[in-house]
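There are 4 protein chains.
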Amino acid sequence: MSETMKRWQLPSFGLKNLELAEAPLPTLASNEVLVRVAAVSLNYRDKLVVEGELLPDRPTMPFVPVSDMAGEVAATGADVSRFKVGDRVLGNFWTQWIDGEPPRGMARHGLSLGGPLPGALAEFVTLHEGVAVKAPASLTDEEASTLPVAALTAWSALIETGRLKAGQTVLVQGTGGVALFGLQFAQAFGARVIVTSRSAEKLERAKALGAFGVIDTRAKPDWSASALDLTDGHGIDHVLELVGGDNISRSAAALASGGRIAQIGFMKGSEIVLSAVPMMLKRAIIQGISVGHRRAFEDMNRAIDEHGIKPVIDKVYAFEDVRAAFDHLERGPFGKVVVRFKSEVGS
Amino acid sequence: MSETMKRWQLPSFGLKNLELAEAPLPTLASNEVLVRVAAVSLNYRDKLVVEGELLPDRPTMPFVPVSDMAGEVAATGADVSRFKVGDRVLGNFWTQWIDGEPPRGMARHGLSLGGPLPGALAEFVTLHEGVAVKAPASLTDEEASTLPVAALTAWSALIETGRLKAGQTVLVQGTGGVALFGLQFAQAFGARVIVTSRSAEKLERAKALGAFGVIDTRAKPDWSASALDLTDGHGIDHVLELVGGDNISRSAAALASGGRIAQIGFMKGSEIVLSAVPMMLKRAIIQGISVGHRRAFEDMNRAIDEHGIKPVIDKVYAFEDVRAAFDHLERGPFGKVVVRFKSEVGS
Amino acid sequence: MSETMKRWQLPSFGLKNLELAEAPLPTLASNEVLVRVAAVSLNYRDKLVVEGELLPDRPTMPFVPVSDMAGEVAATGADVSRFKVGDRVLGNFWTQWIDGEPPRGMARHGLSLGGPLPGALAEFVTLHEGVAVKAPASLTDEEASTLPVAALTAWSALIETGRLKAGQTVLVQGTGGVALFGLQFAQAFGARVIVTSRSAEKLERAKALGAFGVIDTRAKPDWSASALDLTDGHGIDHVLELVGGDNISRSAAALASGGRIAQIGFMKGSEIVLSAVPMMLKRAIIQGISVGHRRAFEDMNRAIDEHGIKPVIDKVYAFEDVRAAFDHLERGPFGKVVVRFKSEVGS
Amino acid sequence: MSETMKRWQLPSFGLKNLELAEAPLPTLASNEVLVRVAAVSLNYRDKLVVEGELLPDRPTMPFVPVSDMAGEVAATGADVSRFKVGDRVLGNFWTQWIDGEPPRGMARHGLSLGGPLPGALAEFVTLHEGVAVKAPASLTDEEASTLPVAALTAWSALIETGRLKAGQTVLVQGTGGVALFGLQFAQAFGARVIVTSRSAEKLERAKALGAFGVIDTRAKPDWSASALDLTDGHGIDHVLELVGGDNISRSAAALASGGRIAQIGFMKGSEIVLSAVPMMLKRAIIQGISVGHRRAFEDMNRAIDEHGIKPVIDKVYAFEDVRAAFDHLERGPFGKVVVRFKSEVGS
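Residue numbers (the UniProt record's numbering), protein chains in the order written: chain A, 1 to 347; chain B, 1 to 347; chain C, 1 to 347; chain D, 1 to 347.
A couple of the hints might just be wrong.
Put simply, identical chains are the same to the list, so a pair is met inside one copy or across any two.
[What the hints assert, rightly or not] Keeping only pairs whose Cα atoms sit at most 30 Å apart, straight-line, the calculated DSS-like set for lysine-lysine is:
no.: 1; residue 1: Lys47; residue 2: Lys165
no.: 2; residue 1: Lys310; residue 2: Lys342
no.: 3; residue 1: Lys310; residue 2: Lys207
no.: 4; residue 1: Lys165; residue 2: Lys84
no.: 5; residue 1: Lys207; residue 2: Lys165
no.: 6; residue 1: Lys165; residue 2: Lys134
no.: 7; residue 1: Lys268; residue 2: Lys134
no.: 8; residue 1: Lys268; residue 2: Lys342
no.: 9; residue 1: Lys310; residue 2: Lys165
no.: 10; residue 1: Lys220; residue 2: Lys268
no.: 11; residue 1: Lys342; residue 2: Lys165
Derived from the structure by calculation, the hints contain no laboratory data.
The following block holds chain A by itself, in its conformation from the complex (with noise of 0.2 Å):
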């Protein structure tokens, strides 16, 4: 192992002052693994954090972006129980979070890989062995490194907490990861898929994915109608709300009684506006949903490994390209954009 890596990092925030550079191999404490990183993942949260539009406090600079990575333990500290060095792994986002509740106070305070925490576009990067877990042996390292946010969230939403039953009905807006993810679990524990987009041409590709249902929302922009249409006036058992602003009106009128909306995403505002007496007769519930933890994490990955679930990769680039990886995350992919650290490592 050579005594110094390479690393995308940020003098200052912003996209354009993402540099490439040469740093230090990190140091490893005794309840470490370093972790010699084959790929990652781009999520919208590393675009809010690069631009500086997320983080409230300042991390130390230079700061190294990114929360998603897959990768293989290269050493481990003196006290490593869990892992043994060539073990694949991931790490888990929310680094306090084992089981059951969070400690109080991570919600303002909580500390997560790719910030405040530093993240994983680096070569080498060391995680306390009770952060990582192993990955799914039947993923590529490309595939395996789109899981740690994405597929958790949904995951989360659906069966963590959701306690999806087969047979029943889910709707996921539009096909990023976390959308695409969710199409995928609910699928593969028997439940039928609505997907919303304005993208007909993603719409078609979804229906390749499997989905039961499509809404054109571009032509339908009322779409809880739609919705009920394609469910008998049933309406929808989860909705994985990815929009926001007043769509969260629309996930509302289309729910089932005793049915459940994952607040995710909030791409279109950040305000949630619906109306309370049809909540009230349905008896619904909105969850808000914040990734996972690592108990769910080791239970999703078994579950990928049994049911052989692919996680959808829109388009992988080479280390050198990351800027433009962050590019294509702007212009919303089909599913997942990974960043591949070396040629001969991963698939």
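Place chains B, C and D on chain A using the hints.
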């Protein structure tokens, strides 16, 4: 038993049209019990029904309003096995909802007592035996009459769906029936309760009932900061949202991580407006509540007996003074308003 | 519709007394549906009922046995709203159990189809509309007839009470109806299944159905070590205990931490014997299972449609050959034994 | 702080070998707190550890026994953030179990305080900050020292896994620490409690603590009939099984439909023996309990403060009289046996 009875009926909507009339005793089907009503309690819903503001389809007129009653079984149909003459019973508001999930379609076409189904403002009513539950032995008829809507709503919010734990903090808004039942249940289960009100005098009475903290929202319209202060910054675990409008944004701001808002009332407006990001970071839940099922009703009644909980009755009116009772309701009672049918019945 | 029908009836207990008879059509109450039976499936319980070994109180004779049936609604009572003529329906074994907790006393005086209530071995039966559920559209009548007892038992054990998660490991004992439904449900939900049997040939058939592992308990009577080996020492998350006697001590030894044993069958003896200390250290759960409620039945039927699960039928007998079907049951079928009523009905 | 401290240690197993010794203060790691122990309480497990009957692998000798302690933080490591000097703390028995599911392998190689990890019979101990929890403010040190094993076991059985509801009936066996905590928690949550014992005098004391019913099992060895009588035939909702052997078959016979047995103790034998059929008809649950996780511990402490629950201490011994305290344990105390370290500490 005489062949006729007195009842209050609406030949057409409007409180001013409410008239005392003589009517034949209701006929008893084989699976029904005939109940001699001892007391009824009023809910704001009854007011809306009487004024013609609630039921989408006009019921058969003359219509007998009021959902809540306590009475004694005076006769039983041939197939009745759950009750015998002399049992003290209450009626379950949602007549079709026994346990678990309600029948599909209940949200839109629910058969609830006091509209669209006939109500209890009559000396005798019939109930399908599956709709009746035993009154708690430790309560008088007047006290028991307050339970079906207000108490079961608070119970469903905090216990049945909210799974309240001892040591948590609950906030109830105002001092109406649901709020005070919420206060009493929460305290009996080992939770601390904060009460908000625009009336300093009512807050004093809430303190006398054991409230851990009170917030005068006339003095502090942005009351969420006070709620955070009262909980050392931790926030509220369960909010009973009884005000509505933009008040729920303050409820959300006052919430602890993993906290829940039970959406119940909407005095100030039926639009829910709040911010998505704190909801997500706190993994907050908003759940619409609509009274509850029979099994929860029976659970609650056992708990009331066991904990010795006594409903807070603001005033008891005589059968003849029903209109005055409705006027009291309009003024905002402290707890419940009850109408007693006969002086010799009940306590 | 003719005025009479054929049925198999018991003038007194004993399979040899089972006789084919002509009987009047049952009369239809206002809340009942009349069902033209298309197929029934046999459960071991039917055998015990026929032999007079199960029902504590002798039912009215002649008695029509058999719990499971699938058929078509031929007529509806005046008050029926859940079904219409032509609907394909099944009957819920525990007629009083809709959702959540069953009525108190059901354990002692349960009104179950096929004893003490009349069964389905007749061309027509009546069902209270609340007892009927829609048959899955994707199944033939013969397939659908296998669901009410065996499939719902497996579903209640694994899904409704067991909350099976993808990636877990399930062990089912033997290859009867409950075991194979357990295998199919678990696989559809992303679990790995291990099957035990004393027959190498049946284990081959289980493998063909997708079993992850098989254990020949004739070769390895102390099979728990094999189960631990097959799970890399982790153990089994859910055991369907279908053998009974001291076999459950092996089930407990094979269990993972936090694992569950669903107590369902007791071919080898009805005494449960096992060690307390490993149960405590593993925080193991043993739960008695007794078929299930109507809401779970409806959930299951949606899941069967959605996942395309096809019940495993060992053999279909003609209506005239009911006694041969009971004999087959005695020999231990691979999956279910079905009796078809008319050649033109069903598939 | 002096450089040395006193501690009771075992150079080899056997109560007679327990010796008072001078030892250096433990060194403090960066994530640990140094705790000045104020009081310990004894559990029967400590007795087994001291006698060498419990730990499969011999710990390093001399070994300091005893799992339960309450004390004050005397110093904190550099990285400690959860506690500060002066905080009153307790230690969580299962040091690796924070919330939800414990780490895989804990059942076989669990790192529990008081064996295999060093125990608390020393003037100072160190705890990883993640293992410590705040003592309830409303308890003295002596009272607080009784919580970690006995109270958390009862809490895990009834509240965390049992989800006890007000109005239910609980049966506890005997009057040891777990039984009396079970009594107190259940009563605080609105349940009625029945206590069994072979001592009429202890049953009187249980009545004085509020027991709803008592059963003298010396007079009525087949006590399940008495339990059914006391519940009008309904049966027990939660049994804390603390006796073991064939006693659990009586627990099962006394159970209500849907009831639970928490398997905790096995004084009379470690083989569980009971009948399958009633378990199935009642849909009974037997769950092995093994103390509990830190989050439940913290929940419990809040509940203790909120409900004002005071642990029942049979006798407090001085630090010098540890052997007498162990002898008392052998005789079957009423509640807990405590050892106080200094006269000036605690209440």
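30 Å Cα threshold - placement of Lys342 relative to Lys268: neither (37 Å within a copy, 60 Å between copies)
Copy assignment of Lys220 with Lys268, given that the CA separation must stay at most 30 Å: within (17 Å within a copy, 32 Å between copies)
Alpha-carbon proximity between Lys310 and Lys342, which holds within one copy, between copies, both or neither at 30 Å: So Lys310 and Lys342 pass the 30 Å test inside one copy only (21 Å; across, 46 Å).
Up to 30 Å CA-CA - Lys165 versus Lys47, copy category: neither (34 Å within a copy, 34 Å between copies)
Alpha-carbon proximity context of Lys310 and Lys207, limit 30 Å: both (16 Å within a copy, 25 Å between copies)
Alpha-carbon proximity between Lys207 and Lys165, which holds within one copy, between copies, both or neither at 30 Å: Close inside one copy (21 Å) and across copies (26 Å); limit 30 Å.
Within, between, both or neither: Lys342, Lys165 at alpha-carbon 30 Å: For Lys342 and Lys165, the Cα distance exceeds 30 Å both inside one copy (41 Å) and across copies (35 Å).
30 Å Cα threshold - placement of Lys134 relative to Lys268: neither (35 Å within a copy, 42 Å between copies)
Alpha-carbon proximity context of Lys310 and Lys165, limit 30 Å: Result: close both inside a copy and across copies, 21 Å intra and 19 Å inter.
Intra- versus inter-copy proximity for Lys134 and Lys165 (alpha-carbon distance at most 30 Å): Both ways: Lys165 and Lys134 sit 27 Å apart in one copy and 18 Å across, limit 30 Å.
Alpha-carbon proximity context of Lys165 and Lys84, limit 30 Å: between (37 Å within a copy, 27 Å between copies)
Of the hints listed earlier, those the structure fails to meet are numbers 1, 7, 8 and 11, in rising order.
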